[in-house]
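Following the hints, complete the assembly by docking chain B onto the known chain A.
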Amino acid sequence: MKPVWVIAKRELGSYFTSPVAYVFLVIFLLLTGFFTFTAGQFFERGEASLGAFFGWHPWLYLVLVPAVGMRLWAEERRAGTLELLMTMPITPWQAILGKFFASWIFLGIALALTFPVVVTVNVLGRPDNGMIFAGYLGSFFLAGAYLAVTCLTSAMTRNQVVAFILSVVTCLFLILVGFNPVTDLLARWASPAFIDTVAAFSVVTHFDGFQKGVIDSRDLLYFLSVIGFSLFATGVVLRNR
Amino acid sequence: MIQIDNLIKVFGAKRAVDGLSFSVERGEVVGFLGPNGSGKSTTMRMITGYYAPTSGKVSVGGHDVAEAPLAAKRLIGYLPENAAAYPDMSVHGFLAFAAELRGLAGDAKKKAVARVVERCFLESVLHQSIDTLSKGYRHRTCLAQALIHDPEVLVLDEPTDGLDPNQKHEVRNLIKELGRSKAVVFSTHILEEVDAACTRAIIIDRGRIVAQGTPDELGRPLDEVFRRITIPDTAKK
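In order, the protein sequences belong to chains A and B.
Under this note's numbering, the very last position in the first sequence is 254; numbers go up by exactly one each time.
Under this note's numbering, the very last position in the second sequence is 347; numbers go up by exactly one each time.
Check each hint, because a few of them may be wrong.
Here are a few chain A residues that sit away from chain B, every Cβ distance over 12 Å (derived from the structure) [to be verified]:
(1) VAL136
(2) GLY143
(3) LEU179
(4) ILE208
Using 30 Å as the maximum straight-line C-alpha spacing, the simulated DSS-like pairs for lysine-lysine come out as follows [unchecked claim]:
(5) B/LYS219 - A/LYS15
(6) B/LYS278 - B/LYS220
(7) B/LYS245 - A/LYS22
(8) B/LYS221 - A/LYS22
(9) B/LYS278 - B/LYS245
(10) A/LYS15 - B/LYS220
(11) B/LYS219 - B/LYS245
(12) B/LYS278 - B/LYS221
(13) A/LYS22 - B/LYS219
Hints were generated in silico from the structure; no laboratory data involved.
Glycine included, C-beta positions come from ideal geometry on N, C-alpha and C.
Just chain A, with the same shape it has in the complex:
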């Protein structure tokens, strides 16, 4: 486990020694604020919940998470440091997990910095804080799933822009298969069972439960499967360098 931590520490450090971390944190917080209070009509809703806040996360992460993860492997390939890393006495798994955890922790920090909305809603009313906790947990796993997909696309190329675009498209697909306007469209010709099956692949379907305050092991399993599969595929891609 130790090499995992050594790599995670370096990776996390490199976010904060470059402007990436600060730009990301500021933009993330501005955008969550905008979507929650303006576009999400937080005040007009008149309810003490963070529905307006969490509802936007699948869309917000769609752009921001690939931006955080795109450099993970692409940059190692470009700078040639992949060779250095892969000839160290560590297994590829330790490197993959180290890098993934570093970025996931970074996203967790960003998410934790949204605490003022929790304070706000608690000052204004009496929200169900258990529900808010479930929402945060779901949001964290949602970010982890997108991030794992980005790890995979980043391992495929030395070009960060390519990694970013591939990742956005893949994550968009994971949203759209369960997005109501799309499933309504499918409902015109497909059987409900088919639509349910397709929607079961969507992050939105599984994130919904968390937003309602339900921590369902099936939803957790879904996110862990997406993360596990993507990281496994990352390992395969890196082995065939």
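For chain B alone, coordinates are given in the frame of chain A:
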């Protein structure tokens, strides 16, 4: 220490390394010579476990690189081509990172970093970030990384590339000195380095060994020997 047996690496239609066999013992400095694209770097990448061979076997210190990669990699210090290093890290941070990945911690880590900093003359840039370093310093930083765990086997891919004459001289002396107690393989296309640092030279061309021996055995002058036995790029199809 290094045992290579009928090593082959094929990329698509190209046989980059075509049936290499040789061994390097402790106390030897083997110069690996050849024209550009002759398979020097590919061979070194297979020794260090970065590339998997298409067929053949590499073992380091008795450990098969394919079957026991961690045990083999622990024995090796490796300077990759172009001296790759994380540009956003400081020299000290980078060396500490390398030491930690090699399993060094606490006092042992501090001592190891101090030792290689002294050995590679890095005191003056210790807290500078790597992307601000000149090529010579970046090269030495990466060399320091390869020496951090005092490895028994050193694999150096063009260790003097991009250095000024003084630095070249220093690095050659360093290689010579390290060669007394370790097994060293380094690649170069500078022939005078063979005389200056090697106990033995292996000349390869298009993935095969075309000549090997001590500099004296190969004949003089070396550059004429080299030209005679390696086919110039222009003559290749």
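Cross-check of the supplied hints:
no.	hint	in the structure
1	VAL136	41 Å, holds
2	GLY143	40 Å, holds
3	LEU179	24 Å, holds
4	ILE208	45 Å, holds
5	B/LYS219 - A/LYS15	15 Å, holds
6	B/LYS278 - B/LYS220	27 Å, holds
7	B/LYS245 - A/LYS22	27 Å, holds
8	B/LYS221 - A/LYS22	21 Å, holds
9	B/LYS278 - B/LYS245	12 Å, holds
10	A/LYS15 - B/LYS220	18 Å, holds
11	B/LYS219 - B/LYS245	26 Å, holds
12	B/LYS278 - B/LYS221	26 Å, holds
13	A/LYS22 - B/LYS219	16 Å, holds
When each numbered hint is compared with the structure, no violation occurs for any of them.
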